[in-house]
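**Q** Read off the chains here:
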Amino acid sequence: MTTPGEFAEFLPAYLAEVDELLASAQRDLLAVEEAVRRGAAQPRAVRELFRALHTIKGLSAMVDVEPIVSVAHWMEASLRVADQAGGRLPESSVEPLVEGLRAIEQRVRQLGAGKPPSPAPANLLERLEALGPQVLEAAPREPRAVVLDAQAAFASKLAPSEREQLEGGLAGGQRAVRLDFVPSSERAAKGLNINTVRERVAKHGDIVKVLPLSGAAAGGASLAFALLLLTHSEDAALLEAVGGAPATVRSLAVAAPLAPPAAGPSAPPPAAGPSPALLPAMPGALGVPGPEDDLDEPEVRRGGGLLRVEVSRLDEAMEWLAALVVNRSRLTRAVTALTAAGAPTRELAAILQENGRQLRDLRSAILRLRMVRVGDVLERLPLLVRGLRRTTGKAVRLELDVGDAELDKAVADRLMPALVHLVRNAVDHALELPDERLAAGKPPEGLVRLGCHARSSGQLEITLRDDGRGVDAKAVAQAANAPVPESVDGLLDLLCRPGLSTRQEATSTSGRGMGMDIVRRIVVEQLGGELRMETRKGAGTTFTLRVPLTVTLVDAIVFECAGLKYAVAVGTVEELIDVDALKVVRPAGADGLGLLERRGAAVPLVSLERLLERTAPGDAQGARGTKALIVRQRGEPVAFAVDRLLGQQEIVLRPLEDPLVRVAGVAGATDLGDGMPTLVLDLGALGAARVGRRMGAARSGGWAS
Amino acid sequence: MNVLHVLFKVDGTEYAMPAADVVQMESFSGATPVPGAPAHVAGLVQVRGRVIPVVDARARFGLPPSTPTLDSRVVVGQLGERTVGLLVDSAREVLKLDPRTIQPPPPMVVERAKGFVKAVAQVGPRLVMLIDFPRVMGEETADVDGQR
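Residue numbers (our numbering), protein chains in the order written: chain B, 1 to 705; chain W, 1 to 148.
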């Protein structure tokens, strides 16, 4: 029975975990496929893939997602065989494995969307089940030419693949040795610890495995590490790398002429028996047959120190920070008022300035928390291209050159669909079939290259280049029923027309047409970025996207006032009300200010139109709007009259950084899709600032019109 | 060395600024007014995804306002980190100005032009005012420490 409802509270954590595992599984499967094509074994990737599925199965069993458990189970079973066969997979096994991962991913998405996962396709399960025997057949059966010293090499702790790697190295003429490193405080002081030793030893060869040894070690220490490695280096060089005695080196080859086996009883015996599992494996939860191997090394995973945090928590921190900023500006005003009244505020002002710096630092620290590596975001693209290769019959190579640029999660989430779209278009529309390419004097394999780098202006520039046929301006013009554009910008404008398609029939990959309008909408309107194109007939097309590294998303109410649109953050609005002009009281001498009754209390009604200086004060009739937003201004509710409410939507808030337009009461600007910036107002601050200004101006006798 | 300049017109007078400071020219179809901004700020426009302030040259130079026409242009310039626009009546020409023809402005012009004109160049029979772009764009804000 699949009843995800019961596990609803675990679901977010489950989905996040499985997402990550799927991403690494996809990476590994690609590596495996690559190796299979070359006819080579890829023991590490097979093993990682096996582990990922093993864990996915366990986690899915825990939240009772039966379809995923079944798929993962059969994938795991065949991968276990492959792992034992030294990481070899027959070519025919790749496709079912890819489909398996896709089936899992689909179901994870369904769960994420709050839907029940569809049952596992029976035919896929059958094919996956049949994989195990196929894998077994494909495994090499030649007798092993070399033998490992079982005791020295902790044979019981070696995975078959690791064993094969060691034996393969030996057979290939390398030395297989076990190097024991004994840490101590003196060595640590000289910078020698297991991590630096790993790096130093890695220069001498391939480290196959590192095992911690407890119990009495050489030199009287109680902890040592045994590094099993393949190397061409001499013992002396290896010993040197780990700081000399009491470190030891011994060969792992039995009857090798270089060193006698088991150099003596000085080495401690390996800890007996399999170590407890580190993975959250849940065997038995399913009654799944098959023994659980000793898969889990007591090896500390490196690159740790990562913490997974829900984005909503970061947003919460950001909100508190915003509250602090608002509070600070109130404080600033109060200090300014004090100063004006002649109070000694020098120290206070200095503290305030320091406080401002600290707030800025805190803000950038929190923003940095939301940054994700672009490389991680693009992880799915190679798999996408692989799928396209199959469905289009085109030979494609995807080159990623993303470096270590980082991007705000909110930007990355929005950008990804646009990139997927562009890559799809490139393969589906731009690249030619191999024959066509050969005829045009190009290599049969098409190239799609995605590069990105951060620019100093706080923007990320992404280029997507293909060496395909280029955009046919005439065909586009014809499809758009427009004259052939003169410039490439004009051509891009045509391409971005909604619903434009240069294809007569829909294809399964790109659907019907290009959907470039969606790409542009995401890049330009949603993210406030830039989209450009260069194209040369027969030579290819390059799209350049420039997007801000961070965006601030705000749920906003959009309204109209004096013929212009404005937005205001939903969170600041207490209530939306209808204004009945007949019930508005206009006290004498209140300068057009009205009062209206709300739940037994009088609430001032302010004309936003006047506040925004959209009317000459002379013709002011006071608040005329038919709707009003109630916002707290210095703790008191105030109604701001507006003409029309247009709705609620999520907007990208772009702060106004130029000093010319950095004014109180305007939080920033946004693009609602009409190409004109729309102001995002902070009504409370706007009201307060204008009142202050008016009074200040009145004092100096300047406020008149 | 002759330096490339962008020429534009405001109320019949020709002005120029180095082309190196100009990012691009845009036609003008209205700006979003910003309440509380200095009076010479026409508002915000969006240029290739960026939101930039536009200074109305007429208002800045103390000239009578006029309605924007099809000829109106926003000269988008770079001022260090800032990207700002200057709204002018028209901008059609790009010229190389010979430094030898550039003279300091007469004292009366200096006075009248509030320091916005830093030199006068002679182009054939025409006189072209070289503007001090940073000064024209200015940063006049009421704010003390740049924080809102």
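Please note that a few of the clues may not be correct.
[Unchecked claim] Not everything, but these chain W residues come out facing chain B in the computed CB check (under 7 Å):
(1) T32
(2) A39
(3) V41
(4) L44
(5) Q46
(6) V47
(7) R48
(8) L79
(9) G80
(10) K114
(11) G115
(12) A119
[Unchecked claim] Label-pair ranges, simulated between beta-carbon atoms:
(13) B:D376 to W:T69: 36 to 44 Å
(14) W:E81 to B:F10: 57 to 65 Å
(15) B:D376 to W:G30: 55 to 63 Å
(16) B:D580 to W:G30: 29 to 37 Å
(17) W:G80 to B:M371: 51 to 59 Å
Honestly, the hints are just simulated from the structure, not real lab data. Note that the Cβ used here is the ideal one computed from N, Cα and C, for glycine as well.
**Q** For every hint, state whether the structure bears it out.
**A** Structure-based check of each hint:
1. Among the interface hints, the one on T32 of chain W holds; its C-beta lies about 5 Å from the nearest C-beta in chain B, closer than the 7 Å criterion.
2. Taken as an interface hint, A39 of chain W does not check out: its beta carbon lies about 10 Å from the nearest beta carbon of chain B, beyond 7 Å.
3. With a least beta-carbon distance of about 5 Å to chain B, the hint placing V41 of chain W at the interface is held under the 7 Å criterion.
4. Because the closest C-beta pair between L44 of chain W and chain B is about 4 Å apart, less than 7 Å, the hint holds.
5. Proximity of Q46 of chain W to chain B holds as hinted, the smallest CB-CB distance being about 5 Å (cut-off 7 Å).
6. Of the supplied interface hints, the one on V47 of chain W is violated, with its beta-carbon coming no nearer than about 10 Å to a beta-carbon of chain B, more than 7 Å.
7. The interface hint given for R48 of chain W is met, as the beta carbon of that residue sits about 5 Å from the closest beta carbon of chain B, less than 7 Å.
8. With a least beta-carbon distance of about 9 Å to chain B, the hint placing L79 of chain W at the interface is violated under the 7 Å criterion.
9. Residue-level restraint check for G80 of chain W is violated (minimum Cβ-Cβ distance to chain B is 11 Å; threshold 7 Å).
10. For K114 of chain W, the interface hint is violated, since its Cβ never comes within 7 Å of a Cβ in chain B; the closest pair sits about 17 Å apart.
11. The beta carbon of G115 of chain W comes no nearer than 18 Å to any beta carbon in chain B, farther than 7 Å, and the hint placing it at the interface is violated.
12. Taking 7 Å as the C-beta cut-off, the interface hint given for A119 of chain W is violated, the closest approach to chain B being about 25 Å.
13. At roughly 51 Å, the beta-carbon separation of D376 of chain B and T69 of chain W lies outside the given 36 to 44 Å, and the hint is violated.
14. Taken as a hint, the range 57 to 65 Å is violated for the pair E81 of chain W and F10 of chain B, whose Cβ atoms sit roughly 47 Å apart.
15. Between D376 of chain B and G30 of chain W, the C-beta spacing of about 42 Å breaks the proposed range 55 to 63 Å.
16. Between D580 of chain B and G30 of chain W the Cβ separation comes to about 34 Å, which falls inside the hinted range of 29 to 37 Å.
17. In this structure, G80 of chain W and M371 of chain B break the distance hint of 51 to 59 Å, their C-beta atoms being roughly 26 Å apart.
Of the numbered hints stated above, those contradicted by the structure are hints 2, 6, 8, 9, 10, 11, 12, 13, 14, 15, 17, listed in ascending order.
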